[in-house]
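Same order as they appear, the protein sequences are chains H and Z.
Position 45 (the first sequence) corresponds to 44 in numbering that gives the first Met the number 0; numbering is contiguous.
Position 32 (the second sequence) corresponds to 31 in numbering that gives the first Met the number 0; numbering is contiguous.
Check the hints yourself; a few may be wrong.
Said to hold, decoys possible - Derived CB-CB ranges, DEER-like:
{"#": "1", "chain 1": "H", "residue 1": "T486", "chain 2": "Z", "residue 2": "P275", "range": "34 to 42 Å"}
{"#": "2", "chain 1": "H", "residue 1": "D364", "chain 2": "Z", "residue 2": "S443", "range": "36 to 44 Å"}
{"#": "3", "chain 1": "H", "residue 1": "L454", "chain 2": "Z", "residue 2": "A61", "range": "31 to 39 Å"}
{"#": "4", "chain 1": "H", "residue 1": "A416", "chain 2": "Z", "residue 2": "S272", "range": "17 to 25 Å"}
{"#": "5", "chain 1": "Z", "residue 1": "A189", "chain 2": "H", "residue 2": "A52", "range": "26 to 34 Å"}
{"#": "6", "chain 1": "Z", "residue 1": "N486", "chain 2": "H", "residue 2": "A416", "range": "53 to 61 Å"}
{"#": "7", "chain 1": "H", "residue 1": "H147", "chain 2": "Z", "residue 2": "G62", "range": "54 to 62 Å"}
{"#": "8", "chain 1": "Z", "residue 1": "A61", "chain 2": "H", "residue 2": "E60", "range": "52 to 60 Å"}
{"#": "9", "chain 1": "Z", "residue 1": "N153", "chain 2": "H", "residue 2": "L279", "range": "37 to 45 Å"}
{"#": "10", "chain 1": "Z", "residue 1": "A189", "chain 2": "H", "residue 2": "V26", "range": "52 to 60 Å"}
{"#": "11", "chain 1": "Z", "residue 1": "G62", "chain 2": "H", "residue 2": "L454", "range": "44 to 52 Å"}
{"#": "12", "chain 1": "H", "residue 1": "L454", "chain 2": "Z", "residue 2": "E49", "range": "54 to 62 Å"}
Read the hints as simulated data drawn from the structure, not as lab findings.
Beta carbons: idealized from backbone N, C-alpha and C, even for Gly.
The chain contents come next:
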Amino acid sequence: MNITLADLIPLLPLLITTGTVVIAMTVIGVKRSYTLTAGITIAGLLIATLSAAYLMPSTNEQVTPLMIVDQYSLFFTVLTCATAMFIAVFSFPYLANLDDHKEEYYLLLGIATIGAIVMVSSNHFVSTILGLETLSMSLYGMVAYPVHSEKSAKFPLEASVKYLVLSAAASGILLFGIALIYAQTGTLEFASVLNVATATPGLGAGFSIAALILVFIGIAFKLSLAPFHMWTPDVYEGSPLPATTYLATIGKAAMFVVLLRFIEASDALVFDSVILVISLVATASILAGNLLALLQDNLKRILAYSSIAHMGYLLIALVASYFVEGSISVEAVTFYLVAYVIMSAGAFGVASVVSSSEQEFDSIDDYKGLFWRSPWLAAVFTGMLLSLAGIPLTVGFIGKFYIFFAGVEAALWVLLAVLVIGSGVGLYYYLRIVYSMLKSADDAHNFNVAVGKNLSSHAVLAILFLLLVVLGVYPTPVVSIIETISTYIL
Amino acid sequence: MILLWLISILFIGGIIAWLSERINPNYPRLIALVTVLLDLLLMFSLLGAEPGDGGWVASVDAGWIPRFGISFYLAADGLSVLLLLLTAFLGVIAIGSAWDEIKEQAGFFYFNLLWTLAGVLGVFTALDLFLFFFFWEVMLIPMYFIIAIWGHENKNYAAMKFFIFTQVTGMLMLISILLLAYFHYVQYGALSFNYHDLLAVQTAGRLEMWIMLGFFIAFTTKLPSVPFHSWLPDAHSQAPTAGSVILAGILLKTGAYGLIRFAVPLFPEASMSFAPVAMTLAAISILYCAKVAFAQADIKRLIAYTSVSHMGFVTLGVYAWNEQALQGAVMTMLAHGLSAAALFMLAGGLQHRIHTRNMTDMGGFWAKVPRMAVVALFFSVAALGMPGLGNFIGEFLALLGAFQANITLTVISAFGLIFASVYSLWVIQKVFQGEYANAEFDDSHLSDLTRREMVYFGAMMIGLIWMGMYPQSFLELSQPVLVELINSTESAIAAVVQN
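The following block holds chain H by itself, in its conformation from the complex:
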């Protein structure tokens, strides 16, 4: 097959991101400049975001058998690149005082973004694995980045090795499932995996079910769904904050898009046992995530457990997609992912802004009295937490509304009951953080809350906060975009 220049236009965001990494690397070779490297990365990601947004209304092409560039993948390309850019902005002051080479961090961040873009555009197992491994490999590096630092705030090496080992095991399971599917169908395209479900030549239905569940488990590991969630709190806690943010937002969102595409294209839910497994995992994740979060005093661990619960909420909408006609549950997943990325990036963002590579403020007590010391940061943080709890005026409420809606239409009463219980429990630990910020400040845990030093980080927080509120009050524009793009998934 000949590839012409025109075929490459849909890949523009990917190529721009790749180009950014190459340029940044060359620049580092010529002259080490922290500001310049970060600037190039941020600018490159901005251009990639804009190009993806520009392509979105008109593009719908299968570029090579490996990648589908349709409105849905471009929507998530925009989300990925924009979030990566925001995280790069958060990283800049965070790493500024690191006593080691700092520039290569942005290369890792850029390469991880390449992996994420490939994942959201993937409808073929080969590209899934390529994207996933590119993303994961870079994340191991990002997690372990301050490893040579004398004054590193956390235990990056432990986190990185833990993530590496478990992630490799998960990839193994995923690959084994893929191999079984290949044995059955002789193809690695999502769409032809359909055969596994409907026609079952040769090896029988049990074989297909095993294959599908293995793939799901492999993905569930990466999404940190219970009971495959053990690594999450430790890795979140041990990583430097920007890496945690990356892992929690883009890492999760890109993986979920793959899961969504795979489940929708392969019709895996025709098997009752697959639905049962997903429902059980959802229940376990919601309950384990919310209940274990109650026991934590560390902000990063709380958010880690809460992310487990949020992935569980998303699975409810995924299961609902089988029972509901039309695209509503795909829309629910999509909207919730957008909401989740905004509120997680915001919540971790607040912590990043006040922390640095030498000292991280990640205990609830560190935020005591924040309301009176920095009303602005406290308001943003409270907004993000209330949004995670699904309270109105925030985007999280609309997201939860979508999930409820999909669940009601699909009549998933047990899962909805779990969702209500889980959210009720969740309120407790989110409000605990809020309450800590409301207490009167004592001077023991002061960190610098001055805006001046990190103006750009605060600007990003302002953007995220604005998105949080605007989409919470008037979500219609995004709702209609999502309504359009979701038709590409089905």
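With chain H held as given, fit chain Z onto it using these hints.
For chain Z alone, coordinates are given in the frame of chain H:
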């Protein structure tokens, strides 16, 4: 359009009040007062308005999230107007009671106060069920802050409990609302959250009962009624005075309003089959909480339990579902709004002066603070249902109507009036009469009511006397609405009665 103004004035006023603190710490309370007074004035214009189609005196309807058939639909009829007036009136009173009490972070306090009021106004006027739910939850957050920041010794626990109770039961209501909207989609081919559209949805049997229960639980948690009442004593005793005023005077009424406007009309059949259970819960609330109130030493907890007891009459009236009973429920809501708010202010005033809410430390205050004692006696007597004051009209009508629906439960509930006399007079005796309870008691700060306090207690007294002496002016406003509601559910209820 005026409804939109009413709500947005409060939202904007709240933000201005917060920001103004930087200029002068005394501005927030002034701005809050002006904002609420402005709202009150605007509301008077609703009183004169000619009712349009269906009795709505004002409405706004604009698209919001068309994907789900959600619109920004606000409308007010006589019932809403009465409650709007109550909200704004008590809003002014609450600001008055916070005037000297709230010194720290005053800007943020008035911001939260105004936003709570705005949420409540939204609840009383929203006719799109999504919007209703939206406001239902919006009023929680600022109230949470009010309790959690300016509350007393155990504020974290109380605020958390309040929030979790209301939020979790709210989610059950959300599921019910979604089911209704979904059935509308199945039956009429379009998603809609519009109240009028959803009234037309046919549901039946067990499913209708489940959906109705979603609403019922959310509303009776807010009301509250046994067995969902346990958050209220904590929230009330820990909240600052203004918070208690808003909670008891207004927030509880949103639950009652929800029962009248949504729970029964949307599911007439299920509600009527459920009525005996609801009325039993009401009777239990009335008697049990009166009994528990009597056992309290904390004066605010005591008043909180009496609130639950009085709200039992509202549930009783609503589920009797006839004109007298509903009128009684509405009158009880209004009158209890004033009397409970006043009692909480007295309790708050006492706490502000002597730094305790424990009644065993009190006694014989009459000599020292005669004005306060008289005012307390007045509102206690009002609360126990003295003829000539508003509460009597409400509870009498509620019992009269309930008698037609269920004689046994009405007779049992009527004992609540006797219990009310017992605990009300007991409080007066304990606090104001008898010997000075504690010889070492430091009463240097125990001063009588100031002139400003007398003004707003006076205003509430006039309100209660007006309600008691000439209830017609209130009944007139709500009567057409209630008759319309009863008529619209008549056929469905007749079917239940036949079975």
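Evaluation of the provided hints:
1. H:T486 x Z:P275: 34 to 42 Å: At roughly 50 Å between Cβ atoms, P275 of chain Z and T486 of chain H fall outside 34 to 42 Å, so the hint is violated.
2. H:D364 x Z:S443: 36 to 44 Å: holds, 38 Å
3. H:L454 x Z:A61: 31 to 39 Å: Cβ of L454 of chain H to Cβ of A61 of chain Z: about 38 Å, so the range 31 to 39 Å holds.
4. H:A416 x Z:S272: 17 to 25 Å: holds, 24 Å
5. Z:A189 x H:A52: 26 to 34 Å: holds, 32 Å
6. Z:N486 x H:A416: 53 to 61 Å: violated, 37 Å
7. H:H147 x Z:G62: 54 to 62 Å: Because 57 Å falls inside the window, the suggested range holds.
8. Z:A61 x H:E60: 52 to 60 Å: With Cβ atoms ~39 Å apart, the hint is violated.
9. Z:N153 x H:L279: 37 to 45 Å: holds, 39 Å
10. Z:A189 x H:V26: 52 to 60 Å: Once the Cβ atoms are compared, 57 Å apart, the range 52 to 60 Å for V26 of chain H and A189 of chain Z holds.
11. Z:G62 x H:L454: 44 to 52 Å: Violated, since G62 of chain Z and L454 of chain H (Cβ atoms, about 38 Å apart) do not stay within the stated range.
12. H:L454 x Z:E49: 54 to 62 Å: holds, 56 Å
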